[in-house]
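J.: One letter stands for each residue in the lines below.
2 protein chains.
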Amino acid sequence: MTADKFSALFNARSVALVGASKDGRKWGFVTLKHLVDGGFGGRIYPVNPSENEILGLKVYKSIDDLPETPDMAVIVVPPPAVPAVIKQCVGKGIKAGIIITAGFAELGGKGVRIQQEIAETARAGGMVFVGPNCNGVMSPWNKQYVQFPSFFVPPGPIAVVAQSGNVMDSLARQVMMYGQGCSVCVASGNEASLHIEDYLEYLADDPHTRVILSYVEGFKDGGRFIEVASKVSKKKPIIVVKAGKTQAGARAAASHTASIAGSDVIFDAVCKQSGIIRAASLDELINIGLGLLRQPLPKGRGLGIVTAGGGWGVLAADACAALGFDVVKLPDDTIEELDKLLPAWWNRGNPVDLVAGVAGDNIFKAIELVMQVPSVDSMMFLSIMPALKVRGFDAPQEPVAREKWGEEITAAVIEAFERLNGIADKYHKPLVVASEHMWSTAVEQAKIGYTLGQHNAVCYHMPHEAATVLDAMVKYNDYLREKAH
Amino acid sequence: MTADKFSALFNARSVALVGASKDGRKWGFVTLKHLVDGGFGGRIYPVNPSENEILGLKVYKSIDDLPETPDMAVIVVPPPAVPAVIKQCVGKGIKAGIIITAGFAELGGKGVRIQQEIAETARAGGMVFVGPNCNGVMSPWNKQYVQFPSFFVPPGPIAVVAQSGNVMDSLARQVMMYGQGCSVCVASGNEASLHIEDYLEYLADDPHTRVILSYVEGFKDGGRFIEVASKVSKKKPIIVVKAGKTQAGARAAASHTASIAGSDVIFDAVCKQSGIIRAASLDELINIGLGLLRQPLPKGRGLGIVTAGGGWGVLAADACAALGFDVVKLPDDTIEELDKLLPAWWNRGNPVDLVAGVAGDNIFKAIELVMQVPSVDSMMFLSIMPALKVRGFDAPQEPVAREKWGEEITAAVIEAFERLNGIADKYHKPLVVASEHMWSTAVEQAKIGYTLGQHNAVCYHMPHEAATVLDAMVKYNDYLREKAH
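Note that the protein sequences, when read in sequence, are chains A and B.
Residue 5 is where the first sequence starts when you use the numbering used here, and the numbers rise one by one after that.
Residue 5 is where the second sequence starts when you use the numbering used here, and the numbers rise one by one after that.
Please keep in mind that the hints were generated in silico from the structure rather than gathered at the bench.
Treat the hints with care, since some could be wrong.
Because identical chains share one entry, a pair is satisfied inside a single copy or across any pair of copies.
Claimed, not checked - Simulated pairs of lysine-lysine, DSS-like, Cα-Cα distance not exceeding 25 Å: (1) Lys-30 <-> Lys-65; (2) Lys-240 <-> Lys-224; (3) Lys-408 <-> Lys-37; (4) Lys-26 <-> Lys-37; (5) Lys-344 <-> Lys-30.
Could you build the full structure based on these sequences and the hints that come with them?
T.: Pasting the structure below:
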């Protein structure tokens, strides 16, 4: 795949929207509106034989009529009209397209044949396309939002490649809620032209992309996927949720994007071989992606836990040990140093239970002492509340004072995370955090999560989530180390 | 255990707070303040030999000086002073207490002996107590909040019994964020007097409690726990997270609440035998609890899925099949009826993929058609957006209009859930929902989740979460059916 075709797709300077509509309920309208609303800076050419103007834009009767060859065509015409449109695109010299229209291979029978015909026409004409049966592509750095929902994920370091439009939207929205942004989001649909591995290959060298999140139902070319993924993994992490693990799921995948799910055991082997980090759910996918953005990779499975809540410490130790971490025995000299910071009745073990009453600087000092233990490769800190510099924890009830209080808590959380991230950097060991926000409402917590992301930090909701992230980091580091030899 | 002692504990008309303090950083102040702030309607007697007045309340020099025998004593004095305080309580005729103070059996050695002494004094004097080493008890129906954080979970149907104060707080706060309320929340601490099974026994007959969520690190009396839990499970569901599954977790549990975690395999058997629903994480605990509050129980493992997002349908089918659900083949006549509602290219399978463009009434009709299939015992509906009655999905950017839009979306979500819950009731089959809120911000989503709870509904975040809830429902129904014979 040549880079200029991907450039036409993700960094288009001009876009034709074939099947543009005035009807607010139709994709031909919504897609056009969101391209405009998203702030696309290039030229937009709506195409529809029966309209003159939509959303203030001049409408062209056909692709032939366009005043230039656009970089890219978005195709939302009904299924029977797609083959002819692709011919016209090729005739005009268009190099890249997005076929949103559904009703092809996923229906079997005739749909398979028409899809093959489209793919062959495009291939012969030197055109590549996303889809068919997809819901778009977001390229936030180019303010190029070809999509159905009315949100606009900001530019950032996370690429999303999903064989499902609603999963792509889910993931992009989660990224946004966590205060982060995306480099590129692709719903790859039936993959008649561009396959998942083509996007991976492009993203490997995309300077904006630092981690790749992917949702996969099946492979069109498993061999090439492995080959590409193995190379890309050496440059940046690929985290994948693979659906169709069960027969019921595989059947659903076949009727969804005409995917053949394949054996789940084999996919596990593929992941191991090609350095792919496999996530069990979309939540886990996001969690791991956010963690890999910021943290140094751990050299091994030795783990230190510092917790301001006893129960959470137990849950974290359980979750980590179950994943193969060694919750290391702290050396005597570390215990002695911790004795100076903590009350006489602290548990003298790992997890280090901070005991109620320990607060502020002593917490950061305790974390740093555990970080210095040579057998500790990574750390987890649980329950950030006592680490926050705030005047007190009694939340005011009066609305204006409460809002100010919420802002103070958020600022204190950011400050604590910057300190924690500083410790991680100093010792080149990851330090992941899971915490409740006990003194905040649901709305205040949503704001905290968002603001943290804007400061390139993440607070996991539960200890087992943080454990899964550390596990992914170790696996990825193992792959990189193995391949370096 | 006699009911009047529990009544003294959870429905106190008068409370002594022994170890009350003026120092805002101390539990003796915070606990007192929260008892006041929570709106406790009974009499409060702070006890401290060196103070005269705290927070406007008259302070008593000793328990002996109190003008009446209070129903209950909250004890926050330092560890060495606790045995004498218990003696004074017994001398005054106090029947129930909460010992917040830590530093007993969880430290081993001398701590074990002092704890035994306290327990024996109380037992001989006819007094029961929560703790030691706990962070309180909330009894929202009595506005009796003996706790550290400054939030006040409203009264409701969910009981929380946790062998960890921070876990109790986490769970209570989650309940609150989901717009629900608690009947009673107990952090049971070291359980020197009252054991987890004592609380369960009380809650079985508590009219406010409809589900019981519990976090367990170990048992003081395993035999009695099984006996009690088996009986209570017949009346209301008990859902448990058991920590200390691994060696690292068990070690942490021992130093946390002096618990002996015991074999995890044995605990699985205990759950099966006594009808306990075991949850893998605190999130799952809450999810299952919320689901059991509202939904009819499923008669078997036949499952129907209706989805407005293809990828989510695949993920749901996978998650459910992996848990042993049969994603049933829909009968021909159901397919024919669905043909009348859905576009020609719908997948004609289960999950029923609604395909973009299907909206409003047709969605509810499709769900109802699947509900009517005899082999369908329960249903899952994914991605609620197209089921919402709203003017359109283009969110305004202007702040005031945006806020109004947020309220409209929330109202539409509530309306859709009331319709869905109506369908569940009509067919006596559970209908669980998982959805993104694609047209909402993180803050709007938090408000939606809260408002749903206030209408006794819950929207799960991810398909696999909804699958776990259905699985718990089937297991609980199996237990009830088995025990009915």
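J.: Each hint should be assessed against the structure and marked as holding or not.
T.: Going down the list of hints, with the structure as the test:
1. Within a single copy, Lys-30 and Lys-65 get their C-alpha atoms as close as 19 Å, which meets the 25 Å cut-off; across copies the closest is 76 Å, which misses it.
2. Taking identical chains as interchangeable, the C-alpha atoms of Lys-240 and Lys-224 lie at most 25 Å apart only when both belong to the same chain, with a minimum of 23 Å there against 50 Å between chains.
3. For the identical chains of this complex, Lys-408 and Lys-37 are inter-copy neighbours only, at 22 Å across copies versus 37 Å inside a copy, given an alpha-carbon limit of 25 Å.
4. Within a single copy, Lys-26 and Lys-37 get their C-alpha atoms as close as 10 Å, which meets the 25 Å cut-off; across copies the closest is 62 Å, which misses it.
5. In this assembly of identical chains, Lys-344 and Lys-30 lie within 25 Å of each other by CA distance solely across copies; the values are 21 Å between and 68 Å within a copy.
Violated hints are absent here; each numbered hint is respected by the structure.
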